[in-house]
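One letter stands for each residue in the lines below.
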Amino acid sequence: MLVYLHLAALGLYGLSAALALAPFAGFPVASRRWTLWVAGVGAGIHTVGVAQLSLVGTGPALSVLAWCLVLLQIGSELLLRAAAVALFTAPLAGGLVGLALLLGLAPGAQPSAGRNMWFILHVTLSVLGLALLALAFISAALYLLQFRELKAKRFGQVFQLFPPLERLDRLNHVALVAGFPALTVGVLLAVGYAVRYAGGMHVDPAQLVWGSFTWGVLGWTVWVRVARHWAGRRAAFASIVGFAAVVLVYVALKLAQPGTERFL
Amino acid sequence: MSIAVLGVNHRTAPLEVRERFAHALHEVPGALARVLEAGAAGGVLLSTCNRTEFYLAEPQEAVPEAVWTLLGERLSGRGDRGERSAQPYGYAERDRDAVRHLYRVSAGLDSMVLGESQIQGQVREAWETSRPQAGPVLHRLFQSALLVGARVRTETKLGTGTASVPSAAVAVASKIFGELAGRSALILGAGDMAELAASCLVAEGARVTLVANRTYERARAIAEQLGARALTLDEAWSHFADTDIALCSTAAPHAVVTWERVAPAIAGRGGRPLCILDLAVPRDVEPAVGQLENVFLYDVDDLQAVAGQAAAQRRGEIPAAEHIVNEEVERFWAWYGGLAVVPALKEFRERLDAVRAVEVDRALRRFKHLPPEDREQLDQFSKALLNKFLHEPTVALKAAADRGRGYALLEALKELFGLERGDGP
Numbered sequence: 132m133l134v135y136l137h138l139a140a141l142g143l144y145g146l147s148a149a150l151a152l153a154p155f156a157g158f159p160v161a162s163r164r165w166t167l168w169v170a171g172v173g174a175g176i177h178t179v180g181v182a183q184l185s186l187v188g189t190g191p192a193l194s195v196l197a198w199c200l201v202l203l204q205i206g207s208e209l210l211l212r213a214a215a216v217a218l219f220t221a222p223l224a225g226g227l228v229g230l231a232l233l234l235g236l237a238p239g240a241q242p243s244a245g246r247n248m249w250f251i252l253h254v255t256l257s258v259l260g261l262a263l264l265a266l267a268f269i270s271a272a273l274y275l276l277q278f279r280e281l282k283a284k285r286f287g288q289v290f291q292l293f294p295p296l297e298r299l300d301r302l303n304h305v306a307l308v309a310g311f312p313a314l315t316v317g318v319l320l321a322v323g324y325a326v327r328y329a330g331g332m333h334v335d336p337a338q339l340v341w342g343s344f345t346w347g348v349l350g351w352t353v354w355v356r357v358a359r360h361w362a363g364r365r366a367a368f369a370s371i372v373g374f375a376a377v378v379l380v381y382v383a384l385k386l387a388q389p390g391t392e393r394f395l
Numbered sequence: 003m004s005i006a007v008l009g010v011n012h013r014t015a016p017l018e019v020r021e022r023f024a025h026a027l028h029e030v031p032g033a034l035a036r037v038l039e040a041g042a043a044g045g046v047l048l049s050t051c052n053r054t055e056f057y058l059a060e061p062q063e064a065v066p067e068a069v070w071t072l073l074g075e076r077l078s079g080r081g082d083r084g085e086r087s088a089q090p091y092g093y094a095e096r097d098r099d100a101v102r103h104l105y106r107v108s109a110g111l112d113s114m115v116l117g118e119s120q121i122q123g124q125v126r127e128a129w130e131t132s133r134p135q136a137g138p139v140l141h142r143l144f145q146s147a148l149l150v151g152a153r154v155r156t157e158t159k160l161g162t163g164t165a166s167v168p169s170a171a172v173a174v175a176s177k178i179f180g181e182l183a184g185r186s187a188l189i190l191g192a193g194d195m196a197e198l199a200a201s202c203l204v205a206e207g208a209r210v211t212l213v214a215n216r217t218y219e220r221a222r223a224i225a226e227q228l229g230a231r232a233l234t235l236d237e238a239w240s241h242f243a244d245t246d247i248a249l250c251s252t253a254a255p256h257a258v259v260t261w262e263r264v265a266p267a268i269a270g271r272g273g274r275p276l277c278i279l280d281l282a283v284p285r286d287v288e289p290a291v292g293q294l295e296n297v298f299l300y301d302v303d304d305l306q307a308v309a310g311q312a313a314a315q316r317r318g319e320i321p322a323a324e325h326i327v328n329e330e331v332e333r334f335w336a337w338y339g340g341l342a343v344v345p346a347l348k349e350f351r352e353r354l355d356a357v358r359a360v361e362v363d364r365a366l367r368r369f370k371h372l373p374p375e376d377r378e379q380l381d382q383f384s385k386a387l388l389n390k391f392l393h394e395p396t397v398a399l400k401a402a403a404d405r406g407r408g409y410a411l412l413e414a415l416k417e418l419f420g421l422e423r424g425d426g427p
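The listed protein sequences derive, respectively, from chains R and P. Using the numbering used here, read the first sequence as starting at 132 and increasing by one per residue. Using the numbering used here, read the second sequence as starting at 3 and increasing by one per residue.
Possibly wrong hints are sitting among the right ones.
No farther apart than 30 Å at their CA atoms in a straight line, the calculated lysine-lysine pairs in the DSS-like style are these [unchecked claim]:
# : chain 1 : residue 1 : chain 2 : residue 2
1 : P       : Lys-400   : P       : Lys-385
2 : P       : Lys-390   : P       : Lys-400
3 : R       : Lys-284   : P       : Lys-159
4 : P       : Lys-400   : P       : Lys-348
5 : R       : Lys-282   : P       : Lys-159
6 : P       : Lys-400   : P       : Lys-416
These aren't lab readings, by the way, just hints derived from the structure by calculation.
Model the full assembly from the supplied sequences, consistent with the hints where possible.
Structural data, given as structure tokens:
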């Protein structure tokens, strides 16, 4: 059942990606109602699947990350009419669900942890923080693409379909400002979980390194936006560099310690 | 029974001719009264900068002449009646084609800027101004034309995008700032295009805060209209530090907005974007200014490219819009045919009943010996026979009217039985 739910979600995310990419292949722009409906049904089915997951292991974590990304995609479209976000989130979510299916959705090490509320909240909030960092990266990438087109006076599909610069900058700001507290609480819950259930679950140094690094990067990007008043292109570059660093460190740590039982 | 349109538009007459034909609102009732005197059941005059059209219900043969004479007088001037004829600039459409013409006009299919929405307001204004002289058929026609316009705009993308330079300027600024409400604009120069673009920006919620011109008096005149502050050009450069949008349209023969003049002010913007719309020919803004960080510079050619793209997209929507227009023409014509069927059928029945009554009376005079009950029977028989004869044609005509084909049958009926001509038996 879990696999079928994920397969259905994967199909709908694929369709959502196709709808987002269609205008760039010369097809007409899909109506807003259709794109929202496809992503919404996909997310709905995925929600049922996520509710049945035990959140231990790489596969389940990737599935939750994909679910968060699609919810953020729908939120961006509904609140800021930033439909172009789906250009990144839909294929990314589809890819993550596909990868999760390949890696397996059954809990890996210490399945009992997956039933602990501290742990569930830690995973959910940490993944939400990470998804918001990804959204900040996506909005930054869209900003830079639209900026380049506007500067170069090219009035093609990017000009037509991407949101205005100001709106993308606001989306980047909101994603970072919302992502930092989510990740902070997620990290604090991890610390609390480790203290309260000492010995109940093995905490790998890689988890500590990556968690702290991600929190530091997100904190820095929020600091430059809020305290240093970075905006526009500079803030977009900061988000892209930050997200790229987080992904690269994760890949490096994962390569150093392969296996799918744990997220790290 | 017919509907006609006679007029001139941007396809048939140049601007200098069209502007002579344009009627102010207060002139409409008088002009319509003159045309209706020539014989028509109702009229509406649609007069915009691109067209002057008389829509007429049931026009008599003298009406076209009256329209061309009226327009010809405006072309020649009141003093020299008939010196120049308006007819070579004009066109005339009848019945379905006239209805289709109005629907295409209302949908923006006949506009100079394809799909523009201003025409819909102008059609409404024409209808409201002419309402006392319109009559029920044109009343219904204009109501439906407004619905057709709305339907085309809702169901197709004919009205989307930006098909003119001022609206392209707004579109480009919107791609940078999103909402334009609360954004400040600086106008440099006093060109018509800048004024037009400024009014488009104001309509989107932007505020024109400063107007700068070579001559301070001219700047002040425009600034007062827009509720802005007037400046000389030399005072304007420092304001590039705080404005969001700069509209440039001076008559200078060379670039007045140079890198040296505005770069120091722009450097102090703290990364905020500045949109410069150079609407002047020759250009007002040195291209180097566009290389400055966070400055987005667009000239007339760039904006025309944006407008041209939208126009191309709109052209792709023409078949869908024409389909809606044709559908609605048939719907109106079905109503119009049905409208005429009822009185025509009534007249047809009355005519045949009169024949029946005369013939029964004649027969009864010959059969004086018949008792009153039999005479009554004979009269009833003649009525029943007439009803039987009339049943099929009545049903067929009503059904044809429902299918929108009543008009042709009705014309045949009138021709065959001499209805509306007073050709009695």
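Each hint tested on the structure:
1. Lys-400/P with Lys-385/P: holds, 21 Å
2. Lys-390/P with Lys-400/P: At roughly 16 Å apart (the allowed maximum being 30 Å), Lys-400/P and Lys-390/P satisfy the hint.
3. Lys-284/R with Lys-159/P: holds, 24 Å
4. Lys-400/P with Lys-348/P: Distance ~12 Å between Lys-400/P and Lys-348/P Cα, so the pair holds.
5. Lys-282/R with Lys-159/P: With a Cα-Cα distance of about 28 Å, the restraint between Lys-282/R and Lys-159/P holds, given a limit of 30 Å.
6. Lys-400/P with Lys-416/P: holds, 15 Å
Comparing the model with each earlier hint shows no violations; every hint is respected.
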